[in-house]
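Colleague: Chains as they are written, first to last, in this note's numbering: chain A, 229 to 341; chain B, 1110 to 1221.
The set of hints was computed from the structure by calculation and includes no laboratory data.
Every residue, glycine too, gets a C-beta built ideally from N, C-alpha and C.
Do not take every clue at face value.
Stretch-level coverage of chain B by chain A, calculated; a stretch enters the list once three of its residues show a Cβ under 8 Å from a Cβ in chain A [claimed, not checked]:
(1) 1147-1156
(2) 1199-1207
(3) 1212-1218
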Amino acid sequence: GENVEQHPSTLSVQEGDSAVIKCTYSDSASNYFPWYKQELGKRPQLIIDIRSNVGEKKDQRIAVTLNKTAKHFSLHITETQPEDSAVYFCAATPLYNNNDMRFGAGTRLTVKP
Amino acid sequence: EAQVTQNPRYLITVTGKKLTVTCSQNMNHEYMSWYRQDPGLGLRQIYYSMNVEVTDKGDVPEGYKVSRKEKRNFPLILESPSPNQTSLYFCASSLGGSQPQHFGDGTRLSIL
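Let's have the full structure, built from the sequences with the hints guiding it.
Modeller: Shown next as structure tokens:
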């Protein structure tokens, strides 16, 4: 089955700086890669996703890049703000079993004002 | 408002006392799933359901049961809870497995 590793586990940045979170996956058949943000005490919410036929996707200050050859994908947050502080989870779903969504262990991002 | 509703939100109980966590969605989604969230382990899938009467095991199904008798409901059953099932549980629904998932607000279970 799919195995997703996420780094770093914690990340602290100054407001206005950029933050990058990286995930690697094991199954080359994976084709759907979502990112979820979970604020303290709240439910995970989708912030951006990418499919394997696309190399990069942007939505305002956030972007996701996918390198299928290296089997890794990254979340980029630019001009970070204190409200970006949260735990971020990546996930991957293999094509042959798209019900088998595997999540990374999460990254706790802290943006210092 | 589109939502996934879980109940209860919090529960403290004792080992061996059967409990059910309900999950209901109002988006007519075919796909529903249950996850548990533990520190340092992320979200791990317990069971999922692709449609009414169709369920399958996820990554950590031991000690849990589910049922899907109606499209909107997907209860999680712990027949004989044990302390290692103390965790934060999330129900989610989506149009399919490779689609954005909508999570409920979570249920924090403590098994003493």
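Colleague: Does each hint hold? Answer for all of them.
Modeller: Each hint, compared with the structure:
1. 1147-1156: Three-residue rule met by the stretch 1147-1156 of chain B, so holds; n is 6.
2. 1199-1207: holds (count 4)
3. 1212-1218: It holds: at least three residues are needed, and the stretch 1212-1218 of chain B offers 4 whose Cβ sits within less than 8 Å of chain A.
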